[in-house]
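Protein chains in written order, with my numbering: chain B, 2 to 400; chain R, 27 to 734; chain Z, 807 to 1163.
Watch out, some of these pointers could steer you wrong.
[Unchecked claim] Ranges of calculated distance between the beta carbons of each label pair, as one might list FRET restraints:
| # | chain 1 | residue 1 | chain 2 | residue 2 | range |
| --- | --- | --- | --- | --- | --- |
| 1 | R | E601 | Z | V875 | 34 to 44 Å |
| 2 | B | W126 | R | K233 | 54 to 64 Å |
| 3 | Z | D893 | B | S210 | 23 to 33 Å |
| 4 | B | I169 | R | W607 | 52 to 62 Å |
| 5 | R | G457 | Z | F984 | 15 to 25 Å |
| 6 | R | L713 | B | T178 | 17 to 27 Å |
No lab work stands behind these hints, which were simulated from the structure alone.
Ideal placement from N, C-alpha and C gives every residue a C-beta, glycine not left out.
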Amino acid sequence: MTQASDSISLPPNKVARGNPTPHWLVEALYRALGRVGAKLGAAWVVALLAAAAFAPLLANSMPYAVKIDGRWSSPLLQHLTYVDVTLMVAFIALMGLWCWRSGRFLTKLALFSGLVTAALILSLWFCRPPLTVYHQYRVLQAEQQLQAVVRAPIPYSPADKLYDQPDIIPPLPPSTTHWLGTDRFRQDIASRMIHASRLSLSVGFIAVSISAVIGITLGGLMGYFAGAMDMFGLRLVEIFSTIPQLYLMLAIVAFFGRDIYLIMVVIGLTSWPGYAYFTRAEFLRLRKQDFVQAAVATGTPMRSILFRHMLPNGMAPLLVNATFGVAGAILAESSLSFLGLGVVDQASWGDMLNQAVSPGGGFYWWLATFPGLAIFFSVFAFNLVGEALRDAIDPHTQK
Amino acid sequence: MENRFGIKDLVNLLLLVMIVVLLGLQMIQKDRQWVLMQQLKGKIESQSNDLTNIRQALSGGVTIGNRAGLPRPTDTNATGTTRPETTGTEPATDATDPFARLREGMKRPDFAMGDWCVDAFGSEINTLTPLISTDAYASIVQGFVQESLANLDPETLAWQPMLAVSWKPVDHSEAYFAWRKPVEQKLRAEAEADPSVYRDVLATVKKSFEDQLGRAVKSEGEEWEQLQAAAKQQWIDKRVDDAPDRPVPFQIEFQMRPGAAFSDGVPVTAYDVEFTFNLVMNPKIAAPRQRSAYEAIQSVKAESDDRVVFTFRRPYFRALDLAAEMPVMPAHFYKPVVDRDPEQFNRSRGLLVGSGPYMLEDPKGWQPGGQVVLVRNQRYWGPASPLNRQVFRLFTLDQARQVAFRNGELDMFGASPEQYVDMLKDKSLSGRANSYEYMTPYNGYRFIAWNQLGADHKPSRFADQRVRQALTMLLNRPRMLKDIMRGYGQVCDGPFNPLGEQNAPEVTPWPYDVKGARALLKEAGYEDRDGDGVIEGSTGQPFRFKLTYPSGNVNYQSMVFFVKDALAEGGIVLEPDPLEWSVMVDRLNNHNFEAITLMWTSGPETDINQMFHSDQIRPGGDNFVAYRNSRLDMLITQARLTVDKDKRMEMWRECHRILHADQPYTFLFWGKSLRFVDKRFKNVRLLKAGLTPRTEWYAPKAEQHWKE
Amino acid sequence: MTSYIIRRLLLMVPTLVGITLVVFFVMALRPGGVAAAVDQMERGMRPEEAQALRAYYNQHYGLDKPRYVQYLRWLNNVSPLGFHHDDSWTLTGFGFKKPDLGESFLRNQKVTSLVAEALPVTLVLNLITIPLAYCISIFVGIYAGRYRGKWFDTTSNVVLLGAWSIPVMWTGVMFVGFFANRDFCHWFPTGGVHDSLAGQMTFLPHLFETGLQRGWLFDAMWHLVLPVLCLLYGAFAYLAKLMRSSVLENLTADFVRTARAKGVREHVILFQHVLRNSLLPLITVAAGLIPSLLGGSLIVETIFSIHGMGKLMIDAINQQDNEVVMSVTLVASIISLASLIVRDVCYAIADPRVSFE
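One chain only, chain B, in its complex shape:
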């Protein structure tokens, strides 16, 4: 399903204050629910971000710490890659800066990028993970060579195929050892679900950034210059909004191959028209407004008008659009994976969903239910946040 959030614009919830109804209680409840919905959505997004950042700590075959021959060591830390470390640092920095209320935005941004870059360089230097044998410590434990062991909450890596447990015929339904069951390759679903959030979120955010950059640039140009440029741009918008997104994505993936970066770019390339249309409309509206006219009258250069005055004013609605866009991108990535054309060898919700109906026609409900719920919640959460944002900035709501 193409979530054409641009064309399918959900109508705003109008709460007319001037019209007192006997059901004010219900109305208040609704407004609260609206807020609660948005909060729940935001909470889910933050939880997802945390899961993505701390995935290796939450689900890993390597124990946090083991004691062998009286010596403690941490296999998990040894096996962390530079990506893992950088993501964790980035998440902590993001949360820290979010809570720090007083700082200026630019300072925060500089601090954030500095921290992340430092973490990346350091981890590239220090992280040298050795050969991973997932069952290594389980076997040692079974042989009673470990004097003590502290395991991760989900003691399975996403690619751990339980080599040491020959009697398992996959897929396993949920049980006490595998909370959400395993997939066809004996990989733990809970672990894969957590690690898949990385893929979904990274595809979501990067694809949206790409489409926003393309869309805003084109829309800005159209809105600012109008005339022939506008005409041309509108055709381009029409072309890309006409070709069904999923078909175009599939065609590109079919011809260029399957690769995570390509998939991000493809989703970005096929979903920019909404931003362009929006930016254009916003610019056309702003052009007529006094402060722009004033800027033109005082002889402020074009560039300055565009970037200093018009763009910041048009940002708010775009943020709404981008929030819906992330939901759309997550859905698009899952659809691709579900159709078997997603990223190879990486945990993905869509791919797990694809395995739910076995080649023999059996149905593994746990492979459909949990990843499906994850996709649904994520999409729903972003949509809730998006709608709340829109309501917040919609002038009709405030009237």
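On the provided structure of chain B, position chains R and Z as indicated by the hints.
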């Protein structure tokens, strides 16, 4: 905004109701016609079945006046067909009767003619025309339409007569070898003294090399030497075969079956056999594979209508297979086409006529697109097959095929182990279909091939026999079998089918032994030198390699994942390298890979020349691992020239022992065939070569599913 | 208005050309260009086949020609209006001709005939869905608007946003898994649009001696329940939200106030005055639903193995059947372009105030 129900609305409403009622009445009327038509069709079908029975009884040798051979004129309004009365008029069933099982089935009380069998194809058939078709599905269809002189009885794996009633081999191989030895030596000396004598051969060989490689070959180096040796051998073989004084080494005489006819009514004669061979050998016909397969046959000569002689160039161990299994094509049908324009034959889509139990409804007009429908050949010389039609429908995707079988649109289903286990659990399915799991001599084995030649044309890590053995010992193959094949198979220890005589029974698979493997690797110079868990060679290069496999196949994928985990125990890093099939074939032809996992099919007697003879270490050759063992080379060559079965089998068994010790491949396992067949089909049994042929199945009247 | 429609139709031409450009260059811009398709398919083919393939591509695109020539040739082939030409591409005339979408070498069939087989299936699926979605959403929308702020409205609002967020593939898999599976409830068939014996069925249910036979019509309906449900809820959620806001807008309009003042009963106001006016925006978006439904039906067709356009696309991708991938994308785009045009024209007719851009 008028809201009253007025006269106008009433009229409109009435009109609408009338239209709906009329439409309904029209549909009911159509349905009544439909039902009537179905009844008529059923009657026509039963009558045509009666006709078949009569014809069959007649061909069985009914003497006029003996009414016992004719079917009883049963009540004609019933749609049931009569069971042909076979007693008294049919020849006694004996061991050589190819239809013994069918006749047995015909005697059962629930036997009935009619119904279809619907099977699925996994890819579109390009052409059904024999010789030029290449895919396996086309050959399945041809198997129903064409017949050969003799075939292997699926029950005993012994030859049984089909279009020939008997045959007689004439063996002069000893005289031939006595003549050949000095001649060959002389020619070899000649070639070594003056390489220019085989210049022409060299040019053609070089061209074929370059075509395979897609690049030019330099006139020096290892490749060039291989090429030269191959050319030299070819030249010698050709001179030997062409020598005017060469004694005839081997001949087979076939006596043709009287009374056999093609589906258009023209009798099958020895001249058709001769025509078929000449057609294959016609260079204008696009049948290079068959031509090279029949290269050992010098000539096929029809001595009279019912006698044909096959003469061979040299003693060849598969001589009888070649001659007996050649499908006989009708000269009167194909000759005009080929004579007019061979290209027209090469481009044809559906020129298929034979003497088999089924035929195409239109022998010339078949076009690709969806399905193949074969109808019963009413003029068949043997007893008529019970099923009216054999239908093959196209399902390009496995899942669609599976859904179709589940919905009853398909009568047969070949399952993967995972599907099989899953479908066995299905109660509704087990009520409808029988499941069969079996090993046949035709099943294939999976292996991992270790390329002994690195990218730099120097021996790779895998050139060391100890390394290959250690890699095999790191794999717990019984468990792998259970994991990946769900236990439907057998651990493999060599290229010969365990059901055949080529297999040396005393050879047992290498055990799963991680410690032993580690020790062997250490002995070969691989151990963990820097403490990162990965073993390194003496140069400090970590033992890390890519295992290539065809992408998009879950089965291969889970196998590679398994191997990865298994090798990690030995400190070896495996990088899965999934490749799309066409790219992989390309790499294979260029020997551009480190290790690869694939599957070979086999047969009752497997020729391992193409996989393991060092002659085949050339671009496009199937010895893509560059394995070389001179004793094995000699044994293979000898075995191929030995007609005596017992001596030959001993040589193959020796080959098996050598291959087991050398482990050029890690042989993984033989897979069983897993199949579901609709329960309504009777006379379906497991034989040595698989299920009884579909020509012998029947469906009892009450359970028949498909009508016209 | 007429001039608006004419301008709209004229503007369709550059868009159409743009679509063909995008579709063609998606294929032609990959490494190796159009010839990559030949190289890719040629492997494993017999020389004669490979030669035929090469000849075909050369004839259709001109393998040694620059990309724009390849594009123009392809465009001429797929267009119903274009130049007639002979084998060596000497142009012999201009006029209407049969569009040629190329040939599927893997299936040995004309792509045109493949698409002609698949397209009606997809269209039927969507054409069943849209009216159904309308029926329900109008009802829900009116009630939500009428009882604005009450429990029905608030719940329906969250539920609709939720329904709109449920991925189609999830519902599809859950339906197949729970309602068409032996392990749970086998109430519906696993896939396809017909039973294998539908060809031997009467059209209406029929009582034979052997028992009641459900007939062709009910068989088809029984097969289509789950796929249509999957397509339904997304469109429904969207339409119901639209309906609600439209009803709200009209309820505060002047004419409603006047009617109320005149003492017209509330339900008459709602169903006579408001409903008519609120339906307008809903009807105009009908055609606009098609593009998003096309995407949805791709997934639904894959899950329920219905041989429509989406299934054709997925099969072609899995088999690397390039011409089919390209043509299906093109046809799907043209359909959605046509539906967008219909939407705009409807809009112009419905609301004469609409001005051009």
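Results of checking the hints against the structure:
1. R/E601 with Z/V875: 34 to 44 Å: holds, 42 Å
2. B/W126 with R/K233: 54 to 64 Å: holds, 55 Å
3. Z/D893 with B/S210: 23 to 33 Å: Violated, at about 50 Å.
4. B/I169 with R/W607: 52 to 62 Å: violated, 31 Å
5. R/G457 with Z/F984: 15 to 25 Å: holds, 22 Å
6. R/L713 with B/T178: 17 to 27 Å: Violated, since R/L713 and B/T178 (Cβ atoms, about 45 Å apart) do not stay within the stated range.
Hints 3, 4, 6, counting from the list given before, are not met by this structure.
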